[in-house]
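**Student:** The numbering used here puts the sequence shown at residues 0 to 78.
Among the hints, erroneous ones may be present.
If you anchor each label on the Cβ, the simulated ranges turn out as follows [unchecked claim]:
#, residue 1, residue 2, range
1, Ser12, Arg44, 16 to 26 angstroms
2, Cys43, Arg13, 17 to 27 angstroms
3, Val8, Arg44, 14 to 24 angstroms
4, Leu38, Arg13, 12 to 22 angstroms
5, Ser42, Gly75, 17 to 27 angstroms
6, Pro18, Lys48, 29 to 39 angstroms
7, Gly59, Ala34, 31 to 41 angstroms
8, Ser52, Pro9, 31 to 41 angstroms
9, Arg13, Lys48, 26 to 36 angstroms
10, Thr3, Cys43, 17 to 27 angstroms
11, Ala5, Ala54, 10 to 20 angstroms
12, Ile6, Ala54, 15 to 25 angstroms
13, Asp33, Gly59, 30 to 40 angstroms
Here are the simulated EDC-like pairs of lysine to aspartate or glutamate, each with C-alpha atoms no more than 20 angstroms apart in a straight line [said to hold, decoys possible]:
#, residue 1, residue 2
14, Lys48, Asp25
15, Lys48, Asp29
16, Lys48, Asp33
None of these hints come from the bench; they were simulated from the model.
A quick note: this is a predicted structure, and the numbers were derived from the prediction, not measured.
Where is the CB? At the ideal position from N, CA and C, for every residue including glycine.
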Amino acid sequence: MPSTTAITVPQLSRLIALPGAPVIVDVRIDEDFDADPRLLPASCRRDFKTVSSWAATFAGKPVAVVCQRGQKLSQGVAA
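Can you make the complete structure from the sequences, with help from the hints?
**Tutor:** Shown next, in the form of structure tokens:
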């Protein structure tokens with residue numbers, strides 16, 4: 000099983016649009032998304048509560064999971 004690794008915003012921004020760039024999955028809670036409904040370029044929004052139903056979609060691909068603060072929620076989904 001691949002390990003999870005943190006990535007900084009500058010590191011991620013250098014990878015966007017390159018071959019092999021990670022899929023960016025936004026797992027912000029509805030309240031945070033409603034406060035700022037913008038998505039990062041090329042990202043997709045998924046519900047963190049249903050990760051088991053959509054995780055296989057990204058199997059074998061590098062994935063960057065983002066949330067409002069980049070702590071418990073995104074790290075839990077990535078794990």
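**Student:** Does each hint fit the structure? Answer for all of them.
**Tutor:** Hints and how they fare:
{"no.": "1", "hint": "Ser12 / Arg44: 16 to 26 angstroms", "result": "19 angstroms, holds"}
{"no.": "2", "hint": "Cys43 / Arg13: 17 to 27 angstroms", "result": "20 angstroms, holds"}
{"no.": "3", "hint": "Val8 / Arg44: 14 to 24 angstroms", "result": "18 angstroms, holds"}
{"no.": "4", "hint": "Leu38 / Arg13: 12 to 22 angstroms", "result": "19 angstroms, holds"}
{"no.": "5", "hint": "Ser42 / Gly75: 17 to 27 angstroms", "result": "18 angstroms, holds"}
{"no.": "6", "hint": "Pro18 / Lys48: 29 to 39 angstroms", "result": "32 angstroms, holds"}
{"no.": "7", "hint": "Gly59 / Ala34: 31 to 41 angstroms", "result": "34 angstroms, holds"}
{"no.": "8", "hint": "Ser52 / Pro9: 31 to 41 angstroms", "result": "32 angstroms, holds"}
{"no.": "9", "hint": "Arg13 / Lys48: 26 to 36 angstroms", "result": "31 angstroms, holds"}
{"no.": "10", "hint": "Thr3 / Cys43: 17 to 27 angstroms", "result": "19 angstroms, holds"}
{"no.": "11", "hint": "Ala5 / Ala54: 10 to 20 angstroms", "result": "19 angstroms, holds"}
{"no.": "12", "hint": "Ile6 / Ala54: 15 to 25 angstroms", "result": "18 angstroms, holds"}
{"no.": "13", "hint": "Asp33 / Gly59: 30 to 40 angstroms", "result": "33 angstroms, holds"}
{"no.": "14", "hint": "Lys48 / Asp25", "result": "12 angstroms, holds"}
{"no.": "15", "hint": "Lys48 / Asp29", "result": "11 angstroms, holds"}
{"no.": "16", "hint": "Lys48 / Asp33", "result": "17 angstroms, holds"}
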